[in-house]
Amino acid sequence: MSSLRFGPVEIKNRLAVKAFKAIDDRFGVKEILDDEVFEKIAPSHLNFWSCFGGISFFLFISQVVTGMLLMIYYQPSVSQAHSSVAMIMNEVPFGWLIRGIHVWGSSLMLITIGVHMAKIYISGIYKAPRELNWVIGVCLFLMTLNLSFTGYLLPWTQLSYWATVVGTETPSAIPVVGEYIRFVLRGGEEIGQMTLTRFFAIHVIILPFVTAGLITLHLMQIRRQGISGPL
Amino acid sequence: MTTEILEAVSNARRRFLSAVLALFSLISVIGVVYPVGLFLWPHRKKVGGVAVRSIKISILEVPIGEAKFVRFLNKAAVIIHPNEQEVLALSAICTHLGCVVKWNGGKKELDCPCHGGRFDIRGNVLSGPPPAPLASYKARVEDEYIVIEEA
Ligand code: FES
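The listed protein sequences correspond, in order, to chains A and B.
Start counting the first sequence at 1; every next residue gets the next number (my numbering).
Start counting the second sequence at 1001; every next residue gets the next number (my numbering).
Incorrect hints may appear among the rest.
Stated by the list, open to error - DEER-style ranges, computed between Cβ atoms:
(1) A:Val166 x B:Val1029: 35 to 45 Å
(2) A:Ala212 x B:Lys1107: 50 to 60 Å
(3) A:Leu15 x B:Val1033: 20 to 30 Å
(4) B:Ala1132 x A:Trp134: 26 to 36 Å
Unchecked claim - Listing some non-contacts, in silico: residues in chain B with all C-beta distances to chain A over 10 Å:
(5) Leu1040
(6) His1043
(7) Ser1054
(8) Ile1121
Hints listed in this document are in silico derivations from the structure and should not be mistaken for laboratory results.
From the three backbone atoms N, C-alpha and C, an ideal C-beta is built for every residue, glycine too.
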């Protein structure tokens, strides 16, 4: 009663124990923590390559947090976008660090997802009954690509402008609907304020929400089906 | 298994390791809270210390019919001396996508190298994609000097 045990760690401080118990009686956190963290036994076949899904998830969280911080200074307008990013980089204390983590994190996330997918593919983990979770995973990969693409425009530099010109031009090669897709992506005939606002909304709200939802499904299925053994 | 091993570890060693763990946790917490705190703290907009609200250059540096590029308010600006009575100062940042315009001495206009925007000596768009005229500054001649100020 007067002590708490989290795996190997024992907490004896009366106040801490009391405070924790008060929460635990109402939420049952201890049981969840024990099941999921402290008493959980990881399968022995897990190795270095099994970690990349988790690393990608961690990077997603890091992107969300740094993204929220960047939104505090970023201004999604054609006249302000570039100067607000320049301000983040040059004037705001540690702005370079936060933006640096966001920029590098996005590239890193694609790499870790690539490794994760290769591991799942090579070990044949996508096979029944996990095919649908593989499909969800591929959707997550596509979400990440789209997040990278929409985020690339936001600093409104030469590079991002032309990348978006090319990127939105590409679907127009599709017969019949292509031109309409380009029109919708750009929010008009030309790339301008409408495109920037669209990409901003997609980048900071729509895709993160969809991605978070898919990640939840992905993880819930892994929980339910267990981590697959080796071949 | 784990508990057996841990029980074999002496208490002194355990205390030392806990202290190390606590220290590193503290360092990580500070490492996050300090930069993020400073990031969020509204900072006074110091105009760079280097930025100049008005500049003065010798009139000899801009011969009649010529232009000179200078740094004003931390950005590229151009001073044009089209004739004896007049001096003009414009921002040299193209209003299209922010390239720095170039002086075209032959045609007496400012050309943007990026997408071919063209501006006259007063900053008005002559042709090309720029959506708005170049920003202009106040310029006047004072004795031997040209003085530029924010408009
Ligand atoms: S940036 Fe000057 S014309 Fe495009």
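Evaluated hints:
no.: 1; hint: A:Val166 x B:Val1029: 35 to 45 Å; verdict: holds, 44 Å
no.: 2; hint: A:Ala212 x B:Lys1107: 50 to 60 Å; verdict: holds, 56 Å
no.: 3; hint: A:Leu15 x B:Val1033: 20 to 30 Å; verdict: holds, 24 Å
no.: 4; hint: B:Ala1132 x A:Trp134: 26 to 36 Å; verdict: violated, 51 Å
no.: 5; hint: Leu1040; verdict: violated, 7 Å
no.: 6; hint: His1043; verdict: violated, 7 Å
no.: 7; hint: Ser1054; verdict: holds, 22 Å
no.: 8; hint: Ile1121; verdict: holds, 24 Å
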